[in-house]
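Number of protein chains: 2
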Amino acid sequence: MKVEPKTLPGFMELLPKDQILFNQYMDIIKEVYEQYGFLPIDTPNIELSEILLAKAGGETEKQIYRFKKGDNDLALRFDLTVPTAKFVAMYYNDIKFPFKRYQIGRVYRGEKPQQGRFREFYQTDIDIIGDGELSIINDAEIQSIMYVLFKKMNIGKFTIHMNNRKVLNGYMSYLELSDKSVEILRIIDKINKIGIQEVENEIIELGIDKDKASSILKFITINGNCKSVIDQLKKLQIDNEMFIEGVNELETVAKYMNAFNVDEGYYCIDLKISRGLDYYTGTVFEAYLDDYEDFPSLFGGGRYENLAQNYTDRKLPGVGVGMGITRLFYALQKFGIIKAEKKSIAKVLVMCMNDEYEKCIYISNKLIEKNIPTQIYYEDKKIKAKFKYVDNLEIPYVILIGEDEIKNNVYTLRDMKTGEQISLNEDALIEKLV
Amino acid sequence: MKVEPKTLPGFMELLPKDQILFNQYMDIIKEVYEQYGFLPIDTPNIELSEILLAKAGGETEKQIYRFKKGDNDLALRFDLTVPTAKFVAMYYNDIKFPFKRYQIGRVYRGEKPQQGRFREFYQTDIDIIGDGELSIINDAEIQSIMYVLFKKMNIGKFTIHMNNRKVLNGYMSYLELSDKSVEILRIIDKINKIGIQEVENEIIELGIDKDKASSILKFITINGNCKSVIDQLKKLQIDNEMFIEGVNELETVAKYMNAFNVDEGYYCIDLKISRGLDYYTGTVFEAYLDDYEDFPSLFGGGRYENLAQNYTDRKLPGVGVGMGITRLFYALQKFGIIKAEKKSIAKVLVMCMNDEYEKCIYISNKLIEKNIPTQIYYEDKKIKAKFKYVDNLEIPYVILIGEDEIKNNVYTLRDMKTGEQISLNEDALIEKLV
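Taken in order, these protein sequences are the chains called H and D. Just so you know, we're using our numbering here: the first sequence kicks off at 1 and counts up by one. Just so you know, we're using our numbering here: the second sequence kicks off at 1 and counts up by one.
Hints listed in this document are in silico derivations from the structure and should not be mistaken for laboratory results. Careful: at least some of the hints might be erroneous.
Each pair may be met inside one copy or between any two copies, as identical chains are not told apart.
Stated by the list, open to error - Straight-line C-alpha distance at most 25 Å; calculated DSS-like pairs for lysine-lysine:
1) Lys152 to Lys339
2) Lys339 to Lys30
3) Lys210 to Lys190
4) Lys30 to Lys17
Please model the complete structure; the sequences and the hints are all you need to start from.
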């Protein structure tokens, strides 16, 4: 009896041509992270549930894949932050701080599968973690790295929206709304979905008077270039220590973004950004493609005071950024921003016109030594079928070897795009293909 | 309350220095596979249990990580072969055959954790899958690729032991022992563990008479170079079609191993090799390091007639090879064959001697543009602490930038190995570090 072959909904599985493209982006990501000195770690997909759920609650507990194996209560990681916190607490003595680390791996969230949402997806994070303290310049560096990365990805104009939680919380404190700050920020977070008017309504529904609600709305919609926004914030002359610290941090980060050569058109201060996660305490940022309104955020991150507080008493502040590669890749293809262009990795296919494969193998070895990806076709098919294979995989070149080629010690090279066929000796062939 | 940070036994988790080394091997593996035109696929870690257990029984069912999520009966993959079979059956119409594919990913087996055995480990497979038929030359190619790969890994002298199931089964049939063939091969498979004498004893215990047992022992211990073994097999003049086919296949594979430039010292015909998996039907092979008796096999594989028979009626024969990278890496470190040599990815650390980071950032940007991994140290520490960080991470170079350097528009470069410090302008600095 046959079992029907199928893949679970919410699990991405790509055909090779798309996988090639996906892997190209993975390679760019890794390359950029390593150029800035980030070190790789690779924690397990499975951890003890008590580790993963040390802090979590609500949605996480509902979505997590949790199961027993023997006596162990296990779960699949739902992000890379919690395993990293465990890692840093566990190997504290072996780690040198500031610890720059990157991780790329699959994470699991059993949410309702819907377009663009995945239950298994590749996540990638970079974090710079300090022991006790960490310079604010790191907050600029980490955003500049993402700028460099997304410029390299070449997927169009984007903007990093940055803010500082201290500015928001300081302002709420100044308005004597600290006790409602979390709820207010949660409402503001929805502004792109529900609009300004509805944000004001919901804030008023919290029992906040109209004047304050209107001040908040005016405050979060302050705009202009970085210098102008910082000037406007300073002019408010808000006498609150946290607010002033936050504005200074924003100013410093903006100054260093500039030093990092981040084009001013690619970032802005956006006081509406607060990031849902309540562990962020300073800088926060999110990035969006400019020309696609419905496109999900490209990446997001920020500064936190205490990475590993569930596992250790040590204060380990850091700044990090995460992105969901699977979701990003899905959206990039869906919006037509990227398209698979290579169906094969082989640059050349060697085709034997008689049954003497030795010369085919000989030249294939030579080409591979020169790092030219090469495939030999061994199957006993008609020449038409062989060329159909080459056409289907869009392999750029074919080397034909038959009796004449063996006799004259040459190779016939066919350029599949132009159809041109030339006869070359070994050296000329290699030179042509390198 | 704090949760004690820990990692599950049987789950490899490496410090960055070891992870850097691990990733280097992963990169070599991928690079070699791609040079031979293998296409990447990346199936999910989770599949429906009915897919993964379509054939399995015994050990697999016991070891598999299986759990419910909602109404779904799910499991973590325990190898990459079953998901590949599913993939090929499912996307048959989109795949071009012969399908050369590689996959690298984590697989899960809940066996007793013991030294060198892992519950979560990276597996990598390459397979060449035909539609209906597949040339025997592929059996040589796939072994030659592993030869090239392990030569590149540079971990010492190894030998590929190859055999053909048709030779073994044909010989058993000739001895009229076909009905006991599976049990006999299972006993032979243990020969390196239990020794020749015990193999003979166990075969006799199956109720096989002493003469036949002794013939089997004599047969499986035939040795010499490939040509000699094939000559000895032919001289036996065994009148069994399957046996003759097997010997011819062995001869053809050996001939092409030679064409592929596989050094004759690196492979042999070993009639004791049968591979446990009963889906192999022709060529089988395993490889071992020569100088380490207890070292586990490096890789193993073979030819099968029917990859996806649990999911489709189509006949999809193939030849493949798999290896457990995690176990291999563990053993290579344990036996002292490889050792982490890089604690950092950064080649240079930029150190600021005052509080003006602009010049540090400027030169860091320039170096990164030239693909020189560069890290800036931003923390407010004493110079001694900064150099301790560099020493701990063994970063090869430090660039020092203070007032003098800014005034004279130069950089002070310190070679951490020699302690030598030189003053360079921008161009000379870049040239020195490229």
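Hint-by-hint comparison with the structure:
Taking CA atoms no more than 25 Å apart as the test, Lys152 paired with Lys339 passes inside one copy only; the shortest distance there is 16 Å, against 34 Å between copies. Proximity of Lys339 to Lys30 under the C-alpha cut-off of 25 Å is found in both arrangements, the shortest distances being 21 Å within a copy and 23 Å between copies. Taking CA atoms no more than 25 Å apart as the test, Lys210 paired with Lys190 passes inside one copy only; the shortest distance there is 19 Å, against 82 Å between copies. For the identical chains of this complex, Lys30 and Lys17 are neighbours both inside a copy (20 Å) and across copies (16 Å), given an alpha-carbon limit of 25 Å.
Of the numbered hints given earlier, the model fails none.
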